[in-house]
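Mind docking chain B on chain A? Use the hints.
If you read the protein sequences in the order shown, they are chains A and B.
Under my numbering, think of the first position of the first sequence as 1, with each following residue one higher.
Under my numbering, think of the first position of the second sequence as 1001, with each following residue one higher.
No false leads were mixed into what you were given.
Each computed EDC-like pair below joins lysine to aspartate or glutamate, with the alpha-carbon atoms no more than 16 Å apart:
hint : chain 1 : residue 1 : chain 2 : residue 2
1    : A       : K180      : B       : E1058
2    : A       : K51       : B       : D1054
3    : B       : K1610     : B       : D1050
4    : B       : K1210     : B       : E1100
5    : A       : K51       : B       : D1059
6    : B       : K1210     : B       : D1234
7    : B       : K1053     : A       : E85
8    : A       : K180      : B       : D1059
Think of the hints as simulated: they come from the structure by calculation, not from any bench.
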Amino acid sequence: MDHGGAQLRISRRLRGAARALLAACAILAVALPAAAQPALETAVKATFLYKFAPFVEWPARAFDGPGDALVICVQGDDAFAGVLEEAIRGQRLSSHPMLVRRLARVGRDSGCHILFAVGSKTQSTAEALHAVAGLPVLTVTDAARGSTRGMVHFVLRDSRVRFMIDDEAASRSGLSLSSKLLNLAIRERGR
Amino acid sequence: MRAVSRSRTHGAGLRRALGIGILSIGFGLSALAAGPALADGHGEGVRGVDDLKDLSIEDLSNLEVTSVSKRAEQLSQAPASAFVITNDDLRRTGVLTLPEALRLAPNLEVSRLDAASYAISSRGFNGFETSNKLLVLIDGRSVYTPLFGGVFWEAQTVPVEDLDRIEVVSGPGGALWGANAFNGVINVISRDAHDTQGGLFTAAAGDVDKRAFARFGGRFGESGAFRVYASGFDRGASELLAGGAAGDAWEGAQGGFRADWGGGRDRFTLQGDLYRDRLGTSAALSTSGATLRGGNLLGRWRRELDGGAGVEVQAYYDKTDRDSLVSDRLTTWDIEAQHTVPLGQRHLIVWGAGYRVTDDEFINKVNPFMVDPASRTITIGNVFAQDDITLRDDLSLTLGLKVEDSSYTGVAFMPSVRLAWQPSEGALWWGAVSRAVRTPSRIERELQFTGIVEPGTFDSEKVTAFEVGYRGRPTPRSTFSITVFHNLYTDIRTNEFAPGGVFPVHVDNSIEGSNTGVEAWGAFDVTDWWRLSLGASALGKDFHVRPGHTDLAGMLSIGNDPDYQLFARSQMDLGRWQLDVRLRAVDDLPKPAVDGYVEADAKLGWQLTKDVELGVVGQNLLSSDRQENGDPARALRVPRTVYASLSWSF
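With the rest of the complex left out, here is chain A:
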């Protein structure tokens, strides 16, 4: 059977089609605007940040009054890119509304209740945690962003966002963590 001519035609046609397809992709890639959706991992971490609040007991002095907002500070290189603001819209901790404060550098008077620290050239994660040491601030860090650990440390386990908890550090700062939260945390592995 002589398929020579047909084979050659099909091969040429296929190569031509493949090249056209690649060129189309390149053009589309440049031309279309990108409205990127945050990765699910980022959305889950942002959701955890405000969902931790009901499981934490702050001392009375942490809030000026019942209507005083619960401030979630985000320190360091742009984490969450707006996802956190979207997530806490309308959320409350009993009478306290929630708001997000973004800081390049966090200090003792930043007024945070929860601090998510990822570090930057201006202030490293360790420096940020040190700045609020002893204050009733729930410090949260992310293993994907660095190895310095706060009271809560996000890790990825079996494709799930889990967290480790340093209960002692929390009580030293005057915070009390619910046992339900502690039960959900991942146990420490031996170092």
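The following block gives chain B in isolation, referenced to the frame of chain A:
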């Protein structure tokens, strides 16, 4: 007598390989040119913070997060040519069987033989009798048959709904997986029982394919979870090229369970399946229909030790029978253990051992070809060790060795050296040199027909593979992977006359040569609701029979492979609708000659409610009279099929 022959000139193959390589690099570069870095690409489905608002903190802890970046992160640590087919891919494409799912992997050749059978291979050697160079594992259970070294795909009716992923790793995996991981390893991994809670019912009905699946999952004890499932399917007969039904209809049922439990440092898994299928008339092994039945039971125990170490023990029992005029019955017992231990700051050692006993019985009632003895028990013991050495923060060297001792063929050494360089978070360059061995199957060693075929002379086939690859995220919205390989083969199978050119014929190892090729693929999130994927593979072959020998089979054992394959896939999320369209173009097969083809598959899914999805799936849409393999005994058309699908969670 035939003179020494060469395969088709490898020059043309190499030119094509280069052409594909350039196209692939072009794709990678266009992704790079696509604009400034943006926030992370889109995750699975369309879940954003709005969907997560109502989840409890426990549900959030249980939510599996997979995204382009996550996948790249996991694979970015593996210095190998690995393509992963996820559960999401299986759902979006609407595939019903494992072989059809494997068509998604650009580093595999998938060739349909008839309604039930497929020939699947990686990096060449494809064909019904010759695709024996792939190791296929389903949840750690090996499913290749020692009878002829290949896989009876029609007996592997795994429920695709509850698969977590399929890892297709091309290249020799002998150092970790043992003999028969010659040209590649396919790892089919099912979901943990904790992830398959509640009920799921799916059904598909069309002109050729019909299938129903039901599963129920629940919890037990403090933290255990289980599931049970049952599935039944029916695929209609193919049409003969000459017209008329081929009678190769295929139907069957499979059921099984899986349980996962454990707390603290221990995790346990127990799973099992039972199946029974019936094949119609086929010109394959069976000439008048076959009944396939079997079952398996597998247990696994994992324990976390201090310091990041771990131990894993797995044992399984597998029985698979294929009854017809030509019958094969295989029973396998297998146990293996593995210990992972970090040593100091720079070494991660994985070492282990395993022992397998296979009991195979082959009975031929059709003609005087038989294996002697009809029943044989083979035991294989193996030890292996692997050291992952961190030379520098961005450079790691992996040394591995597996030593296998088979009661059938003696000792085989399979070493491998891999180097991985990660200059930045989004890029991994790697290179590897490995050696693997394919031990003889029973047919190759024991087939006999007094005076005509003389057994007992076939040795192991050997390969030394050189690979270089890159994998990474050129931009946050794209991933790209490319591998170039050059494999040197020796002792590939031939059929030869006795000296003097007279009967009896014996099986010998007189083919040697090499394979060179490229595998590349990439995915690009054009928008947050549209992902485009492309894949390509090219292969050039250069084999010859050693001087002084003649292969009566005409170098059949080097397989019947296309010079190149191209794949394109578009995934779109349009509100409640999901559209998945796939194109593949496969070059001609040389011997026996089969025309190259371009084919399309598509699925349109409609999420009616949170729990119900309806869909329409079309396969092989572009032509209805195409032949996919050149087996003259199976001159069948691959039909165009359409079926409707339903998925209901409760």
